[in-house]
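Protein sequences appear in the order of chains A and B.
Residue numbers are given in this note's numbering: position 22 of the first sequence equals residue 22, and the series is strictly consecutive.
Residue numbers are given in this note's numbering: position 73 of the second sequence equals residue 1073, and the series is strictly consecutive.
Think of the hints as simulated: they come from the structure by calculation, not from any bench.
Virtual Cβ for every residue (Gly too), placed ideally from N, Cα, C.
Keep in mind that the hints are not guaranteed to be accurate.
To be verified - Reference excerpt, derived from the structure (chain A facing chain B, CB under 7 angstroms, subset only):
1) A8
2) F74
3) I76
Stated by the list, open to error - Far from chain B, some chain A residues (derived; all Cβ distances over 10 angstroms):
4) D4
5) F31
6) R34
7) V42
8) I49
9) H56
10) D59
11) A80
12) A81
13) W96
14) R105
15) E110
To be verified - Under the rule of at most 20 angstroms between Cα atoms (straight-line distance), these lysine to aspartate or glutamate pairs were calculated in the EDC-like manner:
16) B/K1060 to A/E65
17) A/K98 to A/D4
18) B/K1060 to A/D4
19) B/K1060 to A/E113
20) A/K100 to A/D30
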Amino acid sequence: MIQDILSAVFILAGSIFMLIASIGMIRFPDFYIRNSASTKAVVLGVLLILLGVGIHYNDTIVFIEIFAILLFIFLIAPLAAHIVSRAAVITQVKFWEKTKLDELREYEKEQEEEAGGKA
Amino acid sequence: MSLFTLAAYIAIVLISISTLLTLIRFIIGPSLPDRVISLDVFSANLLAVLAIYSVLSEEKAYLNVALIMSLIAFVGTMTFAYYLVQKRHKHQGDDSGYS
């Protein structure tokens, strides 16, 4: 009984986090903000849902499988977000006008100076 | 219908709504990275639906499918990111960008 209630609460909380993530995907103004929001909320949502599934089965093999899935997702999500954001900066996807870009501009200036020194 | 089954069905409905919203972002997304990210969220939603469906049908084999699907989503996202960077290097010099 307690196992069922706990599992249902975890699964519902996880699906609500997934819903929040996709509302963020729709509402946020800029690619970079959308990327940050969706990555974090989706990882938390999948974590909660898989924990709920594991509590429902209450089996060692299932917990090992869930651990493997979570390991992949926790390795993958930050890596994918970083690489796609980097590709977006390189291909000059537009920023939101309120984003403060001073550090990025300084970095770009340094890169240009280094390239000029080498040439 | 037990309380747990009802909760699982409600969770599937919520995730379906979020899949629809992600699909809207995939269609209107102004740039290519937007579409890549929404595809990533889409596959995560699919993974969550698979996990909940495995609970509903008492079939543990669906969890293996979820494991493989997380790997495939990772490879897809990486491939798209490298494709974007390579395309930029090929067209270096024109600052028009693309969407």
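Hints and how they fare:
1. With its C-beta approaching chain B no nearer than about 4 angstroms, A/A8 sits inside the 7 angstroms limit, and its interface hint holds.
2. With a cut of 7 angstroms, the hint placing A/F74 at the interface with chain B is violated, because the nearest CB-to-CB distance is about 10 angstroms.
3. For A/I76, the suggested interface contact is upheld, since its CB lies about 4 angstroms from the closest CB of chain B, less than 7 angstroms.
4. The Cβ of A/D4 does not lie farther than 10 angstroms from every Cβ of chain B; its closest approach is about 4 angstroms, which violates its non-interface assignment.
5. For A/F31, the condition that its CB be more than 10 angstroms from all CB atoms of chain B is violated, with the nearest at approximately 5 angstroms.
6. Taking the minimum C-beta to C-beta distance to chain B, about 7 angstroms, the non-interface status of A/R34 is violated against the 10 angstroms cut.
7. Some Cβ of chain B comes within 10 angstroms of the Cβ of A/V42; the nearest lies about 5 angstroms off, and the non-interface call is violated.
8. Not every CB of chain B lies more than 10 angstroms from the CB of A/I49, the least distance being 5 angstroms, so the non-interface label is violated.
9. For A/H56, the condition that its CB be more than 10 angstroms from all CB atoms of chain B is violated, with the nearest at approximately 5 angstroms.
10. Non-interface call for A/D59 relative to chain B: violated, since the shortest CB-CB distance, roughly 8 angstroms, does not exceed 10 angstroms.
11. The Cβ of A/A80 sits about 4 angstroms from the closest Cβ of chain B, inside the 10 angstroms cut-off, so the non-interface label is violated.
12. At roughly 8 angstroms, the least C-beta separation between A/A81 and chain B is not larger than 10 angstroms, which violates its mark as non-interface.
13. The beta carbon of A/W96 is kept farther than 10 angstroms from every beta carbon of chain B, the shortest such distance being approximately 12 angstroms.
14. No beta-carbon of chain B is positioned within 10 angstroms of the beta-carbon of A/R105; the least distance is around 16 angstroms.
15. Against the 10 angstroms criterion, A/E110 stays outside the reach of chain B, whose nearest CB is about 19 angstroms from its own CB.
16. A C-alpha spacing of about 10 angstroms is found between B/K1060 and A/E65, which places the hinted pair at or below 20 angstroms, so the restraint holds.
17. Of the pairs offered as hints, the one joining A/K98 and A/D4 is violated, with about 46 angstroms between alpha carbons and a cut-off of 20 angstroms exceeded.
18. Our distance criterion of 20 angstroms between C-alpha atoms is met by B/K1060 and A/D4, whose separation comes to about 17 angstroms.
19. Between the alpha carbons of B/K1060 and A/E113 the distance comes to roughly 58 angstroms, so the proposed pair goes past 20 angstroms and is violated.
20. A hinted pair counts as satisfied when its Cα atoms are at most 20 angstroms apart, and A/K100 with A/D30 qualifies at roughly 13 angstroms.
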